[in-house]
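Chemist: Just so you know, the sequences run in chain order A and B. Residue 329 is where the first sequence ends in this note's numbering, and the numbering goes up by one at each step. Residue 101 is where the second sequence ends in this note's numbering, and the numbering goes up by one at each step.
Quick caveat, the hints were computed from the structure, so don't treat them as lab data. Predicted model only: the values in this text are computed from it and were never measured. The beta-carbon is built from N, C-alpha and C at its ideal position, and this holds for glycine as well.
Here are a few chain B residues that face chain A, going by a calculated C-beta distance under 8 Å:
{"#": "1", "residue": "Val18"}
{"#": "2", "residue": "Arg20"}
{"#": "3", "residue": "Val22"}
{"#": "4", "residue": "Gly23"}
{"#": "5", "residue": "Glu24"}
{"#": "6", "residue": "Glu25"}
{"#": "7", "residue": "Leu27"}
{"#": "8", "residue": "Ile29"}
{"#": "9", "residue": "Leu31"}
{"#": "10", "residue": "Arg32"}
{"#": "11", "residue": "Arg33"}
{"#": "12", "residue": "Pro38"}
Far from chain A, by Cβ distances over 10 Å, these chain B residues were calculated:
{"#": "13", "residue": "Arg8"}
{"#": "14", "residue": "Glu10"}
{"#": "15", "residue": "Ile12"}
{"#": "16", "residue": "Pro58"}
{"#": "17", "residue": "Glu98"}
Residues per chain, in single letters:
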Amino acid sequence: MSPGQLGRANGVRRESITLGIGPIAIHFVASSEDHPLLVQPGYLAFERAGARPDVAVECSVGSAQPLVAPVVFESNGVWELRRDAWGREQVYFPAKGCVGQHLFTLTLEPGVQRAQYVTVATRLRGGAIPLGHPIDEYLVSRLLGRRRGFILHASAIASDGRALLFVGHSGAGKSTVAEIADRAGGTVLTDERTIVTIDGSNVTAWGTPWHGTYAACSADHAPVGAGFLLVQDERDYLEVVDPGVAFSECFVRTVQPTADRDEVICTIDLLQQMVSRIPLYSLHFQPTAAAYSLAREHATSAVAGC
Amino acid sequence: MRREHIRSDAYVYRHVGEEHLLIALRRDRVAPLLQLTATAAVLWERLGEWTPTSELTGALVERFDVSPEVAEADVDEFLTQLASIDAIQSREITS
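Whole structure, please, built from the sequences with the hints as guidance.
Modeler: Rendered as structure tokens:
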């Protein structure tokens with residue numbers, strides 16, 4: 024990226040951009056030259072110019088009102104989803120403490136091939152519409168639910184042509200392991216949220232721009248060699264995990280709006296396939312390079328054993 | 007008064023590895039994931055259609071080495087748990 028491309032508000036201003044996040048391509052386009060898009064620098068690695076988009080999102084500034092439709096899902100007061108009789112859906116993020124006022128809305132047409140993103144003027148940065156989380160993650164999670172994939176709270180490291188997944192909630196050590204692995208020569212696909220897809224017998228991990236405290240990510244992907252449930256401990260060791268336990272641990276760490284029953288069942292089925300197809304361990308560890316080496320060596324031997 | 011029960015569509019059951027799991031299809035549920043015993047999994051299977059309490063008890067007695075009294079208590083406890091998370095619907099049998 025050249026300095027000339029940098030915008031005034033820590034990002035790149037564009038009239039449109041196509042992002043490839045995992046196997047999903049999203050084309051964002053500003054509806055007015057007066058308010059271009061502001062793309063955060065971390066997203067530029069995910070630009071996929073010329074890719075055929077799965078969904079096209081028209082972005083504008085305004086005061087869109089909630090759909091006149093029943094609320095079908097609420098997420099702890101942070102956002103709500105409405106669905107009308109024609110199958111149109113709207114994600115509505117209200118302004119905190121301001122009943123009836125919104126921060127932004129994302130309206131999905133039936134089939135989720137077209138969407139409209141409307142944000143209030145107070146969220147503009149230097150006159151531009153900021154792109155990024157949570158709009159992109161919501162779109163990706165909904166589309167993955169129809170495309171044999173899901174988002175998992177896990178860091179993913181590519182090494183020796185295989186990806187290692189390190190699964191855990193916030194504070195479990197995902198970013199710490201990613202930092203250690205980075206120093207040891209691994210490629211950090213993500214230190215926070217991994218997209219997992221399953222195609223036949225192939226389980227693939229994809230990097231995402233939704234990073235954790237180490238703030239490292241990559242648009243690359245790699246076949247998954249092994250998964251590790253992170254357990255901070257006094258010493259480093261591995262235990263084989265029953266697929267049922269691994270399923271439970273991973274299920275509560277999937278990122279899904281659970282707005283559509285079929286999409287949730289698809290995720291459940293894919294997760295069941297994942298835990299039956301990759302070796303899974305609990306990694307008891309101290310935050311040192313030795314723990315990462317232990318996981319990497321075990322994954323290598325597990326692949327060799329297969 | 008006799009009662010019958012049926013599972014709701016808020017949860018799905020999966021047998022993964024050695025675990026019998028009841029999985030909530032919405033994250034706003036109190037319990038996103040429940041581990042069932044093998045006995046409870048048998049009952050859940052029977053709850054695929056409206057089933058009287060007495061038939062659930064009978065299924066346990068038939069399938070497991072358990073007395074009718076113990077089976078009845080286990081069924082009552084399980085149904086209470088399922089009702090508390092809206093995993094079943096129940097109704098009186100009038101006929």
